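Chain order of the listed sequences is W and U.
Here our numbering is used: the first residue of the first sequence is 1, the next is one more, and so on.
Here our numbering is used: the first residue of the second sequence is 1, the next is one more, and so on.
Some hints could be false.
Away from chain U, derived, C-beta distances all over 12 Å, residues of chain W [claimed, not checked]:
| hint | residue |
| --- | --- |
| 1 | Ala-27 |
| 2 | Ala-55 |
| 3 | Arg-93 |
| 4 | Ala-380 |
| 5 | Thr-413 |
| 6 | Ser-417 |
For lysine-lysine, the following DSS-like pairs were computed, each having C-alpha atoms within a straight-line distance of at most 30 Å [said to hold, decoys possible]:
| hint | chain 1 | residue 1 | chain 2 | residue 2 |
| --- | --- | --- | --- | --- |
| 7 | U | Lys-171 | U | Lys-198 |
| 8 | U | Lys-288 | U | Lys-86 |
| 9 | W | Lys-214 | W | Lys-177 |
| 10 | U | Lys-288 | W | Lys-238 |
| 11 | U | Lys-260 | U | Lys-198 |
| 12 | U | Lys-260 | W | Lys-51 |
| 13 | W | Lys-99 | W | Lys-51 |
| 14 | W | Lys-128 | U | Lys-189 |
| 15 | W | Lys-51 | U | Lys-288 |
| 16 | U | Lys-80 | U | Lys-288 |
| 17 | W | Lys-238 | W | Lys-207 |
| 18 | W | Lys-207 | U | Lys-288 |
| 19 | U | Lys-205 | U | Lys-189 |
| 20 | U | Lys-171 | U | Lys-205 |
| 21 | U | Lys-80 | U | Lys-59 |
Derived from the structure by calculation, the hints contain no laboratory data.
Since we're looking at a predicted model, the values are computed, not measured.
In this text, a Cβ means the ideal position worked out from N, Cα and C, and glycines have one as well.
Chain by chain, the residues run as shown.
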Amino acid sequence: MATFGTLSDRLSETFKQLRTKGKLSAADVDGTVREIRRALLDADVALDVVKAFTATVRERALGDEVNKALNPAQQVVQIVNEELVGILGGQQRRLQFAKNPPTVIMLAGLQGAGKTTLAGKLAKHLVKEGHTPLLVASDLQRPNAVNQLQVVGSQAGVPVFAPEPGNGVGDPVKVAKAGVEQARRALHDVVIIDTAGRLGVDAELMKQAANIRKATDPDEVLFVIDAMIGQDAVATAKAFQEGVDFTGVVLSKLDGDSKGGAALSVASVTGRPIIFASTGEGLDDFEPFHPDRMASRILDLGDILTLIEQAQQAFDEEEALKVAEKLAKEQFTLEDFLQQMQQLRGAGSIKKMLGMLPGAGGMKQQLENFDEREIVRTEAIIQSMTPAERQNPKLLNGSRRLRIARGSGMTVTDVNSLVQRFEQAAKMMKTVARGGMPQIPGMGPIPGAGFGGGGASARKAKGKKKSGGSRSGNPAKRAAENAAIAQGGPVPGGAAPTGAGFGLGGGAAKGGQAGPSEEELAALQKLLGR
Amino acid sequence: MAERASWSLGSALRGIFGARTIDEDTWDDLEAALITADFGPAVTEEIVAQIRSQVERFKTTDPRDVQRMLREVVEERLAKYDPTLKLTERPAVVLVVGVNGVGKTTTIGKFARFLRTFDRSVVVGAADTFRAAAVDQLATWAERAGVGIVRPEREGQDPASVAFQTVERAKRDGTEIVIIDTAGRLHTKGGLMDELGKIKRVVEKQAPISEVLLVLDATTGQNGLAQAEAFLEHGGVTGLVLTKLDGSAKGGFVLAVQEKTGLPIKLIGQGEGIGDLTGFTPHVFAQKLVG
Numbered sequence: 001m002a003t004f005g006t007l008s009d010r011l012s013e014t015f016k017q018l019r020t021k022g023k024l025s026a027a028d029v030d031g032t033v034r035e036i037r038r039a040l041l042d043a044d045v046a047l048d049v050v051k052a053f054t055a056t057v058r059e060r061a062l063g064d065e066v067n068k069a070l071n072p073a074q075q076v077v078q079i080v081n082e083e084l085v086g087i088l089g090g091q092q093r094r095l096q097f098a099k100n101p102p103t104v105i106m107l108a109g110l111q112g113a114g115k116t117t118l119a120g121k122l123a124k125h126l127v128k129e130g131h132t133p134l135l136v137a138s139d140l141q142r143p144n145a146v147n148q149l150q151v152v153g154s155q156a157g158v159p160v161f162a163p164e165p166g167n168g169v170g171d172p173v174k175v176a177k178a179g180v181e182q183a184r185r186a187l188h189d190v191v192i193i194d195t196a197g198r199l200g201v202d203a204e205l206m207k208q209a210a211n212i213r214k215a216t217d218p219d220e221v222l223f224v225i226d227a228m229i230g231q232d233a234v235a236t237a238k239a240f241q242e243g244v245d246f247t248g249v250v251l252s253k254l255d256g257d258s259k260g261g262a263a264l265s266v267a268s269v270t271g272r273p274i275i276f277a278s279t280g281e282g283l284d285d286f287e288p289f290h291p292d293r294m295a296s297r298i299l300d301l302g303d304i305l306t307l308i309e310q311a312q313q314a315f316d317e318e319e320a321l322k323v324a325e326k327l328a329k330e331q332f333t334l335e336d337f338l339q340q341m342q343q344l345r346g347a348g349s350i351k352k353m354l355g356m357l358p359g360a361g362g363m364k365q366q367l368e369n370f371d372e373r374e375i376v377r378t379e380a381i382i383q384s385m386t387p388a389e390r391q392n393p394k395l396l397n398g399s400r401r402l403r404i405a406r407g408s409g410m411t412v413t414d415v416n417s418l419v420q421r422f423e424q425a426a427k428m429m430k431t432v433a434r435g436g437m438p439q440i441p442g443m444g445p446i447p448g449a450g451f452g453g454g455g456a457s458a459r460k461a462k463g464k465k466k467s468g469g470s471r472s473g474n475p476a477k478r479a480a481e482n483a484a485i486a487q488g489g490p491v492p493g494g495a496a497p498t499g500a501g502f503g504l505g506g507g508a509a510k511g512g513q514a515g516p517s518e519e520e521l522a523a524l525q526k527l528l529g530r
Numbered sequence: 001m002a003e004r005a006s007w008s009l010g011s012a013l014r015g016i017f018g019a020r021t022i023d024e025d026t027w028d029d030l031e032a033a034l035i036t037a038d039f040g041p042a043v044t045e046e047i048v049a050q051i052r053s054q055v056e057r058f059k060t061t062d063p064r065d066v067q068r069m070l071r072e073v074v075e076e077r078l079a080k081y082d083p084t085l086k087l088t089e090r091p092a093v094v095l096v097v098g099v100n101g102v103g104k105t106t107t108i109g110k111f112a113r114f115l116r117t118f119d120r121s122v123v124v125g126a127a128d129t130f131r132a133a134a135v136d137q138l139a140t141w142a143e144r145a146g147v148g149i150v151r152p153e154r155e156g157q158d159p160a161s162v163a164f165q166t167v168e169r170a171k172r173d174g175t176e177i178v179i180i181d182t183a184g185r186l187h188t189k190g191g192l193m194d195e196l197g198k199i200k201r202v203v204e205k206q207a208p209i210s211e212v213l214l215v216l217d218a219t220t221g222q223n224g225l226a227q228a229e230a231f232l233e234h235g236g237v238t239g240l241v242l243t244k245l246d247g248s249a250k251g252g253f254v255l256a257v258q259e260k261t262g263l264p265i266k267l268i269g270q271g272e273g274i275g276d277l278t279g280f281t282p283h284v285f286a287q288k289l290v291g
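My request is simple: use the sequences and hints to build the entire structure.
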């Protein structure tokens, strides 16, 4: 719903206020939870389900789990996602086939949920898997439903058993039973019974569905539900569970733009797994259900989550620890420098990654100016060095520098400036690692959130550097940043248009092992000589 | 049949109105009831705030006042728009549109019958040439309603041409009202929405279109709003039909739809029988909804 904006946007707003805080207070959590509640309701998740869900999230968010983490805001998002996937996909499974064919599959649902179309899709899907399904026309209620099934059947290349003309004539229970018999005779290994649409409150028709179930003893009863359904999903699902006790759920019309909160409601209220998703009018628009995709669809958190994941993978803690250790021993070399840079690149395109950060809009220009190829060039220069040179940059005399410049396709000036910057950075890091505050003339306060977000971790790192156990893992970069600023040049462009994007960029990234924050990037850029 | 009136919010609200006084629980319960009826979080907040301020202003503590206020608020909001069908043109062309499975064809059958009871001559056009057996389904309804039908000449014929032929025939025969069935289409499918625009343009070459009715399923949730906006943009919708009110869904989202799009609800469908379609009256609707 365009009118309310996505949850990502709204959560960004909430997180922005959190950027100076290291821990989440109960009030912070409540704010976040309120947004999540609103978003779930907008996504048509049933109220009771929303209440239970947000209560769980709140509890977990306030637990130790979060307070120990470096970036609680991210953690909350992760909790939400885990819970969502847990409910949606806890019991994902495939169709169960009978030991003695035919396997009987019965379809049930409200009018217009898409049962008849689904019957065709399911049949075609089964044919592809090497089964020989038979469609049974037990919807004798809706005008010409029998015809429709016949057309769908012929499109799918599957025979249809339709002894009754429909339009209110004939007994659907008898038809269903006869259909199973027919399948047994003609050696079909799967029978799909299409039934009439019925309302949950219609006791008479519900009884009929129950009778069909009793008569045919199906292996699977699939409840077909429209992804666009609202709060009524719960009442309907409960009615059908009581009425026919379905074994699995099919979500139809997922190709629309509804958030599909019904999936969460139904899965959570009935505990029945969602097996398939139907995503279009063509007979091939049919796929197994993916809980993770549904979770991000409902809450629209895909981007934040991808980012967290990528950053976590790329910047593993161990590496960060090693760097911290080296720093303490004053052994930071060009090799480490290169490695750090490669880790950054491993996180995927930096531009893309920054773009994914909610609230990154404010730093768009910044992003445009940032040339990723700078990293590649720096890499090239370092990789053109011998291991000995990387360990000890003091070796680099004129002729070596010329060789390196040639090898990397750069000029000697480029090599010189890189070495110079590295040395300054290394010096700065040593100071920081020793626990001293680097004396930097004219530095003043580090612009923006330098101290709010990252700065805090730098200070922390400084405090207990010898332990090396600090998760900040950032002192290297931190020092590098200081170095960059110390160079006296104009404060990196990043500092100027900070504002909104800044806090957030830092907020999401300050998690120690997360991606580069804006100021770090700016520093990096500086370091690279631009 | 099982309780027909389960559509009402009555049972959800009984706890509130039956209570002795108005307290925090009243508001929580009211909010819960409205959200459960698909009013959506935004509208719910507005309504609750509105009633809350009224309660403060009048310093009442009687929950029955809340009931009355709720009824009035809902009615007032619903009554902002004119639910009258405009069918004065001859022939009056009515285009029926909506997403898949909301009950377009059924609505047309019932609507044709509804018009027949006022002694109007009606012809229906089966321009849903996409879905399997949709034409036959409409033919069955046409027969039940006792009205004429124009079928496509061959399978998969361009729906716009069927619509064109229907209007042409109506003009030739002097039929008063033309109702055209269209294929269900999700509002997110650009190509299909364009097709709708084409049907409109082609029909307008013959006669002006009096009404474009968007059929909305009462079980739909907040997505109904997105549907209405898209159909308004591409199909020039002039009114809403709310169907499947015989179930347990309350269709509260129509309030938001009306207010966001300015489209009035014109008809409501409450069953599969041919007589189960009525005009929309805000007062009756609010009365039934709130109880």
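| query | Okay, which hints does this one fail, numbers in order? | reply | Checked against the structure, the only hint that fails is number 13, while the rest are satisfied.
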